[in-house]
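Residue numbers (this note's numbering), protein chains in the order written: chain A, 1 to 851; chain B, 1001 to 1466.
Misleading hints may appear alongside valid ones.
[Unchecked claim] Computed cross-link-like contacts, DSS-like style, restricted to lysine-lysine with a CA-CA straight-line distance of at most 30 Å:
hint, chain 1, residue 1, chain 2, residue 2
1, B, LYS1238, A, LYS503
2, A, LYS507, B, LYS1319
3, B, LYS1085, A, LYS507
4, B, LYS1238, A, LYS507
5, A, LYS503, B, LYS1388
6, A, LYS503, B, LYS1261
7, A, LYS173, A, LYS199
8, A, LYS764, A, LYS591
9, B, LYS1238, B, LYS1388
10, B, LYS1156, A, LYS95
11, A, LYS349, A, LYS775
12, B, LYS1388, B, LYS1377
13, A, LYS503, B, LYS1450
14, B, LYS1297, B, LYS1438
15, A, LYS622, A, LYS715
16, A, LYS324, A, LYS349
17, A, LYS366, A, LYS269
18, B, LYS1450, A, LYS507
19, B, LYS1438, B, LYS1365
20, A, LYS82, A, LYS61
21, B, LYS1156, B, LYS1238
22, B, LYS1048, A, LYS507
23, B, LYS1156, A, LYS507
24, B, LYS1261, A, LYS507
25, A, LYS775, A, LYS793
26, A, LYS503, B, LYS1438
27, B, LYS1153, A, LYS503
28, A, LYS775, A, LYS464
29, A, LYS507, B, LYS1153
30, A, LYS503, B, LYS1377
Simulated from the structure, these hints should not be mistaken for laboratory data.
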Amino acid sequence: MKIGRGMFLFCIFIFALSCSPVFTLEVSEGTDAFQIKTKNFEMSLAKTGVINSIKPASATKPFDTVISLNTVECGEQNQYSKTFARSPVIEVQRKLSAPAKYNIREKTETSAVFSFEWEDRLAKSTQVISVRDDSPLIDVSYTVTPKTRLAEVYVQLRSNGFGPSALFYPGGKRYGANEGWEYHSLAPGYIFAYDPSLKGGIGFIVDRPENLRSVGYLQRGKPEGFSGSFLSMGAYSRVLRWDGAGRPVSLSLKVVAGKPEDAASLAKKLLPAKEVITVEKVMPSKLIYWPDEEGEGTVALKNNSAEKAETDLIVQITGKIDEKEDILNEKVVLAPGEEKEIPVKWNNKGREYGYELSAQASKGGKASGAGREYFAVAEQFTKVGHPYVANPGWMNREGQEGYLIHNLRENYNGIVEYYCWMPDEIYDMTPDTEVFEPRTESQNAYRTTITRQFIKNMVSLAKKNGVRVVTLASGFASLPGAMQNPEEMKYTRDGQIYIWGSKLHGKDRFAVVSADVYSEESVRRWAQEMIASTDMFGWDGVRWDWNFVPAFPPDPLDVMRKDEVVWYNFEGVSTNELFKNPDQIAARLLKLWREEVNSKYPRFEYMTNAGYRYKLEDAFPKYLAEQSTKSGILFEFLLNYTSESQGLHTWDRWANELVDNTQVVRKNGAQPSVGWMSYAPGGITQRLIQFIAFASGVHWNGKIGPKNSIDDGWKRFAYSFRFSEYFYDPGFRKLSAGDVTVEGSDRILWKPFTYGRALENGKKEVTVHLINLPKSDYISMYHEIPEIKRNIKVSIKLGEGEKCTEVNALLPEPYPHKTELKFRNESGLAAIDVPELTDAAIIVAGIGGGK
Amino acid sequence: MTIKKFHAGILCFLLSLATILCAEVIYSENFDGIKNGTPLSELNWNVKSSENQSLYRIEDGVLKITCLNNPYNGGFAEKDIPLVKKGTLDFDANIAMDGVGNARGIALAMGVYNVSTWFHDYCGDWRRYFPEPPSKRIEGFSIEPVGHRVLTKVDKGKWNHYRIVFDADAGIVEYYCNDMVDPVHVDADVPVLGRAEYMGRHLSFASIGFVNGPVTYGIDNIALAAADDSAVETPAEKGNSILVFQGISSNEYRAGLELEKLENYSIREYWAESILSEIPVNKFRMGRLPGRTTLDKSRAIVFVDLPLGPDCVPDYFVKRLEEWVKNGGVLITLGGPFSYGKGQYKGTLLEAILPVNISGLWEVKRASSPLIIRPEKGFEKLSEQISKDNPAVYYYHDLTMKDGAEVLVNSGQNIPLWVYRDYGKGRVVSFTGTAMGKTYGKTVLISEWKEWGEFLREVVQWSLSE
């Protein structure tokens, strides 16, 4: 066959076409958005710069994504103004009312670069988005120039497009939570959400962590008790509070579209290489153990190489200041890429307070990976935990307990109080039906339903994790309870049942009534109801928001209004005639209640709100003694650190109040807490009020943000948890003025925090807590980071024959640890050199040889 | 239908209503047919305002008042009107119809005689503003302190209809917004025509001047009507409504729910609310009270364990109630821990019309054994069920019957539980039991009895039919 010239040229053309690259990058411009198509994905990019949707090539349909920038105002006032930090303004790119100033900077057959520029109340922002035809990555970078002080900025993806089977990678897990409870991993790193039903996924790779702190993520749907399916992931900046206005901050991340293996492969290529063997996890099975519980934990090792690897693994428990105990020492061999979990066990008998469980992998004496986590052992759990309050107004659906307990565990809270949930706080702590309504003081605001199963699930999960669950008891009868038991109610001077608060929800009347339950019979029955409730739900304790003192108002905060609080019994007899010795009655009834409940549940812990500001130890000494015996005491009355009239508004005043009141209740072994304080997360105020509370011997009562989020409270919680013995042992009593001096800077807070405790064999320990103060004395305002204080001299007066034998500083950063300090015994003093103070330290001096 | 026409329709309705109520419209203005831009002064209004205070002009058949930033000095416009001692003022208003972004404070005020009202743009409500009654005077001061009170929430940018019903001699002013059946608020002891200071025979609109920039308010369909006094003397023809005043035992008695099952009657409910009180003194208030017309046209009123005090039911209303019963109304009172002696009835006009004598604050007693009900009149269709179920009272008000009172339902222990007495042309029926306690033994608490609703309906029907 003869090939003609035309045919020849045609063949050449086809050959040339098949050998040349095929360019598929398409960009089309619509009214509000660009439509972009590459080999790997299709994307709708709004003219506000927001990525509205992405369809990975593998996926069956596009995901609605809404990837946009969020700018968060600092919120802290420049000067003290008697108020807490305000809720910050948040500017959200996706809410821009008009298109940003946009530009297609570059458009070739294989790539395109878009830029956007806009201004809002908080900042001027620019955004650059780059796409390449041959890459599944979308480069996204922002430069934010603040017009005012910011707290943080973050790039967030919000989507309702992922189905219920979607999972996050790495790990292939569901990370269920409500907003505000997201999970955070530190940058550099990646997070990728994949929906197998749509055969596609989207994620962020943060390979250039400059200015970026973490990636945060959550998904919410039926498993968490919510309707619909919501997913969020974000790349969060470092804390920007100290950058000031005008200083630009740049963020850069990559959006990846495709499958989990694509994301993993790209992440491996882009992210820093890992050690051959890494300690991926160290995890005690529980946060708080009972002393008779055996400790169990897991250490996970990973071989990140493509070859077999072996390591020497040492697992230790560290307690007290730095007492180490090996619980495992063995060689571990790992196949290429293998992740292996190694179980460990230990005995908790004789242990108390906080411990570190640590793992060290090494090869030939060279460390190759390490990890640590903390646990505590306590018979009285209020010695180590920080109570958190979960309210059934927003924590009531089966599935929510998962992220609640996860958060409390990660943040070392250790105690959750379930608030205002009962059908009746005197007569019905054991709901008769599976679904029930609380009728408590909270229903003066809202109405809700709870299932018994939710509470059981929450308690069960908490116990599994070593988190203690206590119930609130605010001591009010419900209106139905009052109607059924009119002879046990308090009456007003007008002869009416005393209604404390009330609300009409539609045509249902909700009210709480203050009850006259100041008889042994009533208290016994009340205790039996608590026992029955504990039988049903498994409570570890109770936190009362009520007093056993009959002449008090219902709320302990109103304690000194007793002249206004004369009430009457059913027959019209006044409290003045009924209760001639309220202190004695209260002490007897409280003791009776505690004994009754403890007879069945010996570990059931008593916690209570108390208003000690009025020197109640003088007015009600017997009651106070009973109330503060091995209990948890809430100092709600000390939470307002903005209050000048209450004298709580400066660092030292608030600290002195906390310490003075702690010393009152510590005599009998009580553990105080203070809450709920409002603060700007990640600010100096938050940092210092937590250090001050802990140094005062006071636990935090309330929420802190997720671990690794802008709220860095978890670091201080870890510090107080690990060294709980040195913060919370009631044996530490305040030393006299003049027993300790600290020199080197007048911006160190230490005077309220000098304590001593006696040890065995005539030894003793003295602790001095040092807190680095900013320039201003006022608590509630913006502060610059305090400068590091150096060459601090701590002097401790020694008794006759006493000598200092050892001095350590217990430090919070980068993780709770000790460092030895130099000291001298001279002229009846222990002279200690503290080279520097960054934020806070406990100086612990061991002293012996005294008479 | 345009909004404007819609409101014109309302006006027609109101005018016809006024006719029905024998009222005489003595001034009205709907601004229809007036050329756009016409200043209000051309309609014989006295405008005392400069260009930097407030502007008054007619546009599209609406009076548009633009308030400018000039705190406490915003100018005003007033219209001389005849003196009407008893009457109604109706108007439509659209708050911040333009410039809502500047509406950050208080600007538009509206007054008739000495009754002044204003709109709080920041809080989004309508308020009244006039000297407090003598009972609220500060001790030692002869001058009445000035007070203001929220009347109702108001949405910006929407037309709403307002009505002020005033009675200068009685000193009562009722305020209505949209719902013309029951007022949003009633003030008693009001100096409608002034005491120390008389504002004059004026209808006025003014600017208080707290705005960030110009804010325009729309006014339309103004109508002042004088009530015909002779009409008030004649009792209104009764309708078929039963007013249920839900006191604190409302959940237990479920009176509204049960009485809704009565055929040929409509139920309106009024709720006593309890406010947070940290010390043992209750704080009550009524969410709403029926207006004069609603009360006059109702057939029966049921007080469900209703406290008169502290501060719950105002004296003026008790006075009206007494007149209403005297004129043929039927009042039924249900006992509980907030009624009779425990509801501050002692020494009131309400006590005067009850069939029982109030004992005192501690009159509620626990029955030594359940007080099983024993009807003495009527209730035939329930008699078998009563014998079978033993509906009972466990706690009761230990009261004595007044002369002329009779027993409707007794108890096995001969402690009367339902008693009644005629008062004028009306009747008062009182349940001296309560809904307190827990069902026990072979009895059932009367309010938990499955026939309680039927029983209550029987009481009401008997009371109305006899």
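Status of the hints after comparison with the structure:
no.: 1; hint: B/LYS1238 - A/LYS503; verdict: 33 Å, violated
no.: 2; hint: A/LYS507 - B/LYS1319; verdict: 28 Å, holds
no.: 3; hint: B/LYS1085 - A/LYS507; verdict: 39 Å, violated
no.: 4; hint: B/LYS1238 - A/LYS507; verdict: 27 Å, holds
no.: 5; hint: A/LYS503 - B/LYS1388; verdict: 37 Å, violated
no.: 6; hint: A/LYS503 - B/LYS1261; verdict: 26 Å, holds
no.: 7; hint: A/LYS173 - A/LYS199; verdict: 16 Å, holds
no.: 8; hint: A/LYS764 - A/LYS591; verdict: 33 Å, violated
no.: 9; hint: B/LYS1238 - B/LYS1388; verdict: 38 Å, violated
no.: 10; hint: B/LYS1156 - A/LYS95; verdict: 24 Å, holds
no.: 11; hint: A/LYS349 - A/LYS775; verdict: 46 Å, violated
no.: 12; hint: B/LYS1388 - B/LYS1377; verdict: 19 Å, holds
no.: 13; hint: A/LYS503 - B/LYS1450; verdict: 27 Å, holds
no.: 14; hint: B/LYS1297 - B/LYS1438; verdict: 38 Å, violated
no.: 15; hint: A/LYS622 - A/LYS715; verdict: 39 Å, violated
no.: 16; hint: A/LYS324 - A/LYS349; verdict: 16 Å, holds
no.: 17; hint: A/LYS366 - A/LYS269; verdict: 26 Å, holds
no.: 18; hint: B/LYS1450 - A/LYS507; verdict: 20 Å, holds
no.: 19; hint: B/LYS1438 - B/LYS1365; verdict: 15 Å, holds
no.: 20; hint: A/LYS82 - A/LYS61; verdict: 54 Å, violated
no.: 21; hint: B/LYS1156 - B/LYS1238; verdict: 38 Å, violated
no.: 22; hint: B/LYS1048 - A/LYS507; verdict: 49 Å, violated
no.: 23; hint: B/LYS1156 - A/LYS507; verdict: 29 Å, holds
no.: 24; hint: B/LYS1261 - A/LYS507; verdict: 16 Å, holds
no.: 25; hint: A/LYS775 - A/LYS793; verdict: 20 Å, holds
no.: 26; hint: A/LYS503 - B/LYS1438; verdict: 24 Å, holds
no.: 27; hint: B/LYS1153 - A/LYS503; verdict: 19 Å, holds
no.: 28; hint: A/LYS775 - A/LYS464; verdict: 45 Å, violated
no.: 29; hint: A/LYS507 - B/LYS1153; verdict: 21 Å, holds
no.: 30; hint: A/LYS503 - B/LYS1377; verdict: 39 Å, violated
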